[in-house]
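Visitor: Which chain is which? The protein sequence lines are A and B, in order. For the first sequence, numbering that gives the first Met the number 0 begins at 0 and goes up steadily by one. For the second sequence, numbering that gives the first Met the number 0 begins at 0 and goes up steadily by one.
Please note that the accuracy of each hint is not assured.
A pair counts as met if it fits within one copy or between any two copies, since identical chains are not told apart.
[Unchecked claim] Here are the computed lysine-lysine pairs in the BS3-like style, where the Cα-Cα straight-line distance is at most 27 Å: (1) K21 to K96; (2) K153 to K2; (3) K25 to K164; (4) K164 to K153; (5) K154 to K164.
Source of the hints: derived by calculation from the structure; they are not laboratory data.
Number of protein chains: 2
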Amino acid sequence: MQKKIVTISRQYGSGGRYIGKKLSEKLGIPCYDEKLIDMVAKESGFAQDFVAEKGERMTGSLLFNIASSLSYANNVFSGNGVSLQDEIYFIQNKIIKDLAEKGSCVIVGRCADYILREREDVLNVFIHADMASKINRAVTYFGITEDQAPALLKKKDKARSNHYKYYTDQDWGMASNYDLSLNSGALGIDGCVDVILKALEEIK
Amino acid sequence: MQKKIVTISRQYGSGGRYIGKKLSEKLGIPCYDEKLIDMVAKESGFAQDFVAEKGERMTGSLLFNIASSLSYANNVFSGNGVSLQDEIYFIQNKIIKDLAEKGSCVIVGRCADYILREREDVLNVFIHADMASKINRAVTYFGITEDQAPALLKKKDKARSNHYKYYTDQDWGMASNYDLSLNSGALGIDGCVDVILKALEEIK
């Protein structure tokens, strides 16, 4: 594979974001994570925090979100009758497609695997881990207490799963959506990076 | 990881069985696939074909199978009131645990990932592929016509999925059930073998 585009989807606390960063450093190509949020915020005019939250997570019940995308009830619509969440998705969609067109890169989250599904030069990766490893990362790096962690992890992943389902009609975390899924709890962060590098060598 | 135990679950037509065989050859360790069916047939006294079919696939509707395991209605019970399907599962369960205890090996299918879930020296792998690659393999190696292939592939995987759900209460093909999931359509058979070898090097 000449051009290297890697998308990384990940469970909260699995270290997927960090794996994306390390991978991009090893490959000497850009990693779009916070940078992508900046670009969407700039393009849309929304605040970064709002983009970070709405661009990947479907908070509240799925039914509520579906209902809100069909009506003006909750006042989160832009001037053209599209929900703000949808507007962010459309802008992300365009920016991710442009980035992939431009050159090799790593893109973390944001349904990039689905958005780039028609390209043949993309390796789609999913990072997950056992609950104990995720709690350990969340407590160490995100300042969350051990008591809070299990419920928070579940909530974050539920919101990502709902968001993914809503925009892709696919089940988040199903192995068949990705070329490579890795348990960072078993393989370690550097182990995951090395296995992804190996897969990039092998890809047809 | 000193001892190498690798379980391989796979979609029908993904080449998972062949990947298991090649991997075991590279590692110089036994691969239990047909050999495992022989062992279960010998231990249970059932015919090989019956073990091959019932030991991994839940044919008919899931509800029918659940119902049949609760009653004597369909005359598929052994003398001790356990359904023949359950009896095969229990024997497989014991044989797989004994094999893992004995030494390094590759075990293909048969819920081995779940059966060995309490061991820490196991790498669980899931092999899948895009529909076109699976049809190609099914037509080339299993003597199936291109017209028959899509429905047959779906039926075989549905039966495996139902069987897995029934005995493990987990969803077959969810990335989080495995340490490593690979798309053999993208990575190729030899590519998958090499990525698994890399993961075995990295595992903690």
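Visitor: It remains to establish, for every hint, whether it holds in the given structure.
Guide: Each hint, compared with the structure:
1. K21 to K96: Cα proximity of K21 and K96: one copy only (22 Å, versus 38 Å across).
2. K153 to K2: Neither: 35 Å inside a chain and 34 Å across chains, both beyond 27 Å.
3. K25 to K164: Classified as neither: same-chain Cα gap 32 Å, cross-chain 40 Å, threshold 27 Å.
4. K164 to K153: Result: close both inside a copy and across copies, 16 Å intra and 22 Å inter.
5. K154 to K164: Both: 15 Å inside a chain and 24 Å across chains, each within 27 Å.
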